[in-house]
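*Asks:* One letter stands for each residue in the lines below.
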Amino acid sequence: MKKAIFLLVVIASIAKLSFCQKQGQEKIDSLFTALQFEKEDTAKVNAFNTLACEIAIYNPDTAIHYASKALALAKEVNYEIGIANAYNNIGFGLSFLGIFKEALKNFNDALMVYDELLISSAQANKSKILKGKGNVYNNIGNVYDDQSDYAEALKNNFTALKIYQEIVDKRELAKTYNNIGIIYENLGDYAEALINYFAALKLNEELGNIQWKVYNLNNIGGIYRKQGDYDEALKNYFTALKINEEFGNKRETAGNLNNIGIIYSIQGRYTEALDHFFAALKINEEFGNKLWKAINLVNIGTVYFNQGNYANALENHSAALKISEEIGNKNRMAICYNNIASDYMKLKKISEASRSLKNGFKLAKEVGSLSDIKDSYLGFSGLDSLQGNFKQSLENYKMYIIYRDSLVNDENLKKTMQIQMQYEFDKRESLAKAEQEKKDAIALEELQKQKLIRNGFVGGFSVLLIFAVIISIIMRQREKIKLIKKERNRISRELHDDIGAELTRITVISQHLRKKTTEDDEMYEKLGKISEAGKKVLGSIGEIIWTMNTQKNNLESIFAYIRRYVSEYLEMNGIEVSIEFPDKIPVNSVSDEYRRNIFLVIKEAIYNITKHSKATRVRVSMNFRKRWAECEISDNGTGFSVNEKQNWGNGLTNMNQRMKDIGGNFQISSDKNHGTLIRLTFPVR
Amino acid sequence: MISIAIIEDDEDIRESLKILIQTTEGFECAGAFADAETGLEFLTGNPADIVLMDIHLPGMDGIECVRRLKSVHPEMLFIMCTIFQNDDSVFNALKAGATGYLLKNDDPGTIIDAIHELHAGGSPMTPQIARRVIESFKRPSVNEDIHLLTKREMEILGFLAKGFRYKEIADKLFVSTETIRKHINNIYQKLHVQSRTDALNKIFGERS
Chain A
1 MKKAIFLLVV IASIAKLSFC QKQGQEKIDS LFTALQFEKE DTAKVNAFNT LACEIAIYNP
61 DTAIHYASKA LALAKEVNYE IGIANAYNNI GFGLSFLGIF KEALKNFNDA LMVYDELLIS
121 SAQANKSKIL KGKGNVYNNI GNVYDDQSDY AEALKNNFTA LKIYQEIVDK RELAKTYNNI
181 GIIYENLGDY AEALINYFAA LKLNEELGNI QWKVYNLNNI GGIYRKQGDY DEALKNYFTA
241 LKINEEFGNK RETAGNLNNI GIIYSIQGRY TEALDHFFAA LKINEEFGNK LWKAINLVNI
301 GTVYFNQGNY ANALENHSAA LKISEEIGNK NRMAICYNNI ASDYMKLKKI SEASRSLKNG
361 FKLAKEVGSL SDIKDSYLGF SGLDSLQGNF KQSLENYKMY IIYRDSLVND ENLKKTMQIQ
421 MQYEFDKRES LAKAEQEKKD AIALEELQKQ KLIRNGFVGG FSVLLIFAVI ISIIMRQREK
481 IKLIKKERNR ISRELHDDIG AELTRITVIS QHLRKKTTED DEMYEKLGKI SEAGKKVLGS
541 IGEIIWTMNT QKNNLESIFA YIRRYVSEYL EMNGIEVSIE FPDKIPVNSV SDEYRRNIFL
601 VIKEAIYNIT KHSKATRVRV SMNFRKRWAE CEISDNGTGF SVNEKQNWGN GLTNMNQRMK
661 DIGGNFQISS DKNHGTLIRL TFPVR
Chain B
686 MISIAIIEDD EDIRESLKIL IQTTEGFECA GAFADAETGL EFLTGNPADI VLMDIHLPGM
746 DGIECVRRLK SVHPEMLFIM CTIFQNDDSV FNALKAGATG YLLKNDDPGT IIDAIHELHA
806 GGSPMTPQIA RRVIESFKRP SVNEDIHLLT KREMEILGFL AKGFRYKEIA DKLFVSTETI
866 RKHINNIYQK LHVQSRTDAL NKIFGERS
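Protein sequence lines correspond, in order, to chains A and B. Each residue of the first sequence is one higher than the last, beginning at 1 in the working numbering. Each residue of the second sequence is one higher than the last, beginning at 686 in the working numbering.
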């Protein structure tokens with residue numbers, strides 16, 4: 001039976017930030033006290049609103065209850081800002097319960113009240129009202145995002161962003177950037193998503209908002225995960241988890257647990273993955289968070305799938321689908337359908353699988369989610385192949401590749417790197433700037449008291465400047481090395497792709513023609529020479545590519561390559577060889593030049609032996625001391641007089657120079673009819 | 686009779702391989718194709734014993750083609766045709782299901798030997814490939830107990846990674862070269878199984 005290999009997708013639980021409306025920063029206990037003893041009705045309204053806001057994400061039902069009380073009371077005393085805030089908070093609670101239509105209605109009511117207030121209120125109060133408006137827009141954006149209407153979500157979030165920029169509210173800006181990032185992530189535009197996440201992270205760092213950094217870290221980790229950079233992803237997740245545990249954020253911990261579970265699944269540590277997912281599920285059930293519950297269920301199902309437990313997989317995926325349907329989240333529904341389809345395929349229920357795939361595909365197209373469309377195509381391809389419909393399977397597979405490549409292409413990856421670098425740079429720069437400002441301030445103060453100290457600071461500053469110059473030189477140097485490496489890669493690629501391919505054609509065609517001629521034909525010999533020459537050049541190009549390869553530079557791999565090269569080359573030339581390398585060769589990494597020079601010197605030595613010495617036996621040995629390595633190549637050939645200048649052609653001179661270049665030493669001793677011994681010594685760093 | 690198919694986009698190389706196979710006793714040419722898609726479609730319905738597969742092809746590449754054919758016909762053998770021995774793609778092809786490779790510019794005799802050898806269950810391996818095989822088995826595996834390499838296999842890989850040749854290893858371990866070849870063939874089988882489970886395991890990752 002053919003295997004249908006089908007990829008499933010799971011969305012990492014993405015942390016969305018909430019925008020409810022509260023006044024003041026009181027703790028919940030003191031709020032209850034306020035409600036009991038406060039005489040002012042407006043103060044009571046504020047207390048109810050703040051209370052609703054504080055508990056909304058943990059207990060949306062109760063939050064709506066308090067916000068409704070605030071609304072009723074505020075209407076009674078005609079306290080307009082209280083009314084607007086209450087509408088927003090009711091909407092906020094409703095959106096958490098997945099009652100989106102009602103939520104939107106409340107948000108619109110809030111906007112209307114805010115707009116009226118803007119006209120009537122004094123200039124001083126306007127920024128407060130604008131902030132409220134921004135919050136409502138963000139909340140509306142979230143509702144659309146939850147329903148997978150990304151265009152509408154972006155529109156609202158950008159409106160909010162504009163408002164916060166106007167009133168320069170960095171806290172809210174940070175949250176908004178985060179939410180915009182989420183939408184781009186959902187749309188599969190990872191580069192744009194990262195830009196926004198890093199913008200949020202930067203603002204939160206500026207503000208010292210450690211807790212909010214958690215959201216950004218989680219989301220950044222998610223992007224890295226999607227791009228396959230699991231180490232970077234885990235790094236971000238663990239930082240986030242640590243902060244959450246430190247602050248006792250139980251609900252957010254659920255998100256982290258889920259994300260870490262995902263990485264464990266990728267790494268095949270299923271038991272640990274399941275532990276984390278179930279822990280997350282428990283917390284989300286506790287808080288009645290349907291959206292996240294669905295995500296946990298999908299993940300649990302998928303781990304079961306990976307373990308080959310398809311019945312359990314189907315059960316969990318179906319439960320997730322049910323919840324996603326309840327809250328009308330089409331994106332999640334598409335993911336669930338795709339997963340369910342693959343479960344059915346494994347259970348050999350073809351018609352059920354086909355139905356689920358079609359449902360998933362329809363939904364994925366509807367919400368325009370590239371990543372889900374991609375998975376649908378892969379599913380179709382697998383299904384076709386199960387039914388023996390290979391041509392159609394291939395077509396669907398091609399579509400899958402097209403969508404996959406459009407999601408993770410080089411351009412995206414490049415952009416990701418640039419953004420990260422920009423962020424690191426900005427961070428360092430702003431740190432340096434803050435440091436500088438602080439120093440300047442102190443210097444100014446001290447200046448008035450004592451001029452001498454100023455000189456000290458000037459001195460300190462110059463030291464800093466010198467450091468800066470040195471660092472910039474180092475950076476430039478690094479840039480140069482990078483460019484050289486890039487150029488080298490380009491050359492070796494061209495050698496490989498163009499020259500190598502054409503030379504191969506020449507060689508193969510001449511071999512082919514040679515077979516058609518007979519041995520007494522003069523063409524026979526000539527064609528043989530062409531193909532031999534072609535093979536020789538191809539061999540040399542292969543070696544050049546190997547020596548230019550900038551990756552695996554360590555002594556162990558060099559000597560493995562040399563060992564194989566020497567023994568094959570000498571055997572081909574009918575020379576007996578004994579190679580004595582130590583069992584353990586240090587794995588020190590070495591430079592390209594080092595590797596190239598050692599290889600080329602040994603190659604030259606072997607070449608000379610086959611060419612000139614008439615040797616029948618060669619011995620190559622290696623010894624590693626603490627800081628030095630010693631390589632000896634000896635043969636039983638005719639030898640030559642080392643002292644005669646004419647015997648030092650380019651070959652020997654070059655060998656000598658190459659060893660010198662890497663701080664080594666080249667010795668040769670030979671006598672007529674007593675063979676030749678070459679001893680190379682070079683540093684081991 | 687060993688039936689051999691060729692997938693190679695260069696017409697000259699394809700034709701000369703075809704003629705080489707047609708004129709060699711014991712070989713028959715099951716078909717010669719200029720791209721992976723046509724080859725895939727034909728071979729899915731008409732499996733051959735051995736496929737000579739170019740790595741770089743227009744459209745679907747040879748590696749993907751091997752992966753797909755191998756999942757339909759696990760018994761089919763694949764020899765990758767490459768220009769240079771140290772090509773990184775060779776390792777990826779081996780992971781996808783190939784068990785051998787040959788240089789396109791090899792002498793006709795060498796090519797025929799390589800096909801015979803593969804058919805008899807032998808496989809070539811360079812130090813670079815050996816090193817990468819070791820690395821790929823070091824990573825956490827999906828089903829730990831099933832696809833691990835045996836001590837002997839690890840030992841052989843270790844020698845190969847150090848640049849030892851089959852004959853040298855056989856001498857060191859007091860076995861025949863034939864045994865070493867069989868071991869290496871087994872290692873390749875395990876590599877395929879491992880990379881297949883890896884593929885399933887990427888479920889969450891969306892890595893391209």
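Hints are supplied without guarantee of correctness; some may be wrong.
Dumping the calculated DSSO-like pairs for lysine-lysine here, alpha-carbon to alpha-carbon at most 30 Å [to be verified]:
1. B/Lys857 to A/Lys349
2. A/Lys170 to A/Lys516
3. B/Lys857 to A/Lys626
4. A/Lys536 to B/Lys836
5. A/Lys433 to A/Lys535
6. A/Lys290 to A/Lys391
7. A/Lys105 to A/Lys322
8. A/Lys603 to B/Lys852
9. A/Lys365 to A/Lys433
10. B/Lys836 to A/Lys584
11. A/Lys611 to B/Lys852
12. A/Lys614 to A/Lys660
13. A/Lys584 to B/Lys857
14. B/Lys857 to A/Lys603
15. A/Lys451 to A/Lys433
16. A/Lys516 to A/Lys482
Partial pick of chain A residues on the chain B-facing surface, computed with a CB cut under 10 Å [what the hints assert, rightly or not]:
17. Ala191
18. Tyr397
19. Ala501
20. His512
21. Trp546
22. Ala560
23. Arg564
24. Phe581
Covered, in the sense of this in silico footprint (three residues per stretch, anywhere, with C-beta under 8 Å from a C-beta of chain A), are these stretches of chain B [what the hints assert, rightly or not]:
25. 691 to 702
26. 712 to 722
27. 796 to 807
28. 845 to 857
The hints are simulated quantities; they were obtained by calculation from the structure and are not laboratory data. The beta carbon of each residue, even a glycine, is placed where N, CA and C say it ideally should be.
*Asks:* Does each hint hold? Answer for all of them.
*Replies:* Each hint, compared with the structure:
A threshold of 30 Å between alpha carbons decides the hint, and for B/Lys857 with A/Lys349 the separation of about 54 Å lies outside it, so the pair is violated. Of the pairs offered as hints, the one joining A/Lys170 and A/Lys516 is violated, with about 80 Å between alpha carbons and a cut-off of 30 Å exceeded. About 28 Å separates the Cα atoms of B/Lys857 and A/Lys626, which keeps this hinted pair within 30 Å; it holds. Straight-line distance between C-alpha atoms of A/Lys536 and B/Lys836 comes to about 39 Å, which puts the hinted pair past the 30 Å bound.
Distance check on the hinted pair: A/Lys433 and A/Lys535 sit about 61 Å apart at the alpha-carbon level, beyond 30 Å; violated. The hinted pair formed by A/Lys290 and A/Lys391 fails the criterion: a straight-line CA distance of about 41 Å is larger than 30 Å. Taking the CA atoms of A/Lys105 and A/Lys322, the gap is about 25 Å. The hint holds against a cut of 30 Å. Between A/Lys603 and B/Lys852 the CA atoms are separated by roughly 22 Å; this keeps the pair inside 30 Å, and the hint holds.
Pair hint A/Lys365 plus A/Lys433 does not hold up; C-alpha atoms about 48 Å apart against a cutoff of 30 Å. About 18 Å separates the Cα atoms of B/Lys836 and A/Lys584, which keeps this hinted pair within 30 Å; it holds. Distance check on the hinted pair: A/Lys611 and B/Lys852 sit about 26 Å apart at the alpha-carbon level, within 30 Å; holds. Simply put, A/Lys614 and A/Lys660 have alpha-carbon atoms about 29 Å apart, close enough for the 30 Å limit, and the pair holds.
At roughly 16 Å between alpha-carbon atoms, A/Lys584 and B/Lys857 fall within 30 Å of each other, so this suggested pair holds. Taking the CA atoms of B/Lys857 and A/Lys603, the gap is near 26 Å; set against the 30 Å cutoff, the hint holds. Simply put, A/Lys451 and A/Lys433 have alpha-carbon atoms about 24 Å apart, close enough for the 30 Å limit, and the pair holds. Between A/Lys516 and A/Lys482, the direct Cα distance comes to roughly 50 Å. Violation of the 30 Å bound is thereby established for this hinted pair.
Taking 10 Å as the C-beta cut-off, the interface hint given for A/Ala191 is violated, the closest approach to chain B being about 15 Å. Of the supplied interface hints, the one on A/Tyr397 holds, with its beta-carbon coming within about 8 Å of a beta-carbon of chain B, less than 10 Å. A cut of 10 Å between beta carbons decides the hint on A/Ala501: the least distance to chain B is about 6 Å, and the hint holds. Because the beta carbon of A/His512 sits about 4 Å from the nearest beta carbon in chain B, less than 10 Å, this interface hint is met.
Hint status for A/Trp546 relative to chain B: holds, with the closest Cβ pair at about 5 Å, below 10 Å. Interface hint status for A/Ala560: upheld, as the beta-carbon distance to the closest one in chain B is roughly 4 Å, under 10 Å. Annotation: A/Arg564 was flagged as interfacial toward chain B, and the flag holds, the nearest CB pair being 4 Å apart, inside 10 Å. Against a cut-off of 10 Å between C-beta atoms, the interface hint on A/Phe581 holds, since the closest Cβ of chain B lies about 7 Å away.
Here's how the segment 691 to 702 of chain B fares: 5 of its residues keep a CB closer than 8 Å to some CB of chain A, so the rule of at least three is met and the hint holds. By the rule of at least three residues with a Cβ nearer than 8 Å to a Cβ of chain A, the coverage given for the segment 712 to 722 of chain B is violated, with 1 such residues. Here's how the segment 796 to 807 of chain B fares: 0 of its residues keep a CB closer than 8 Å to some CB of chain A, so the rule of at least three is not met and the hint is violated. Using a Cβ-Cβ cut-off of 8 Å, 6 residues of the segment 845 to 857 of chain B lie near chain A, which meets the minimum of three, so the contact claim holds.
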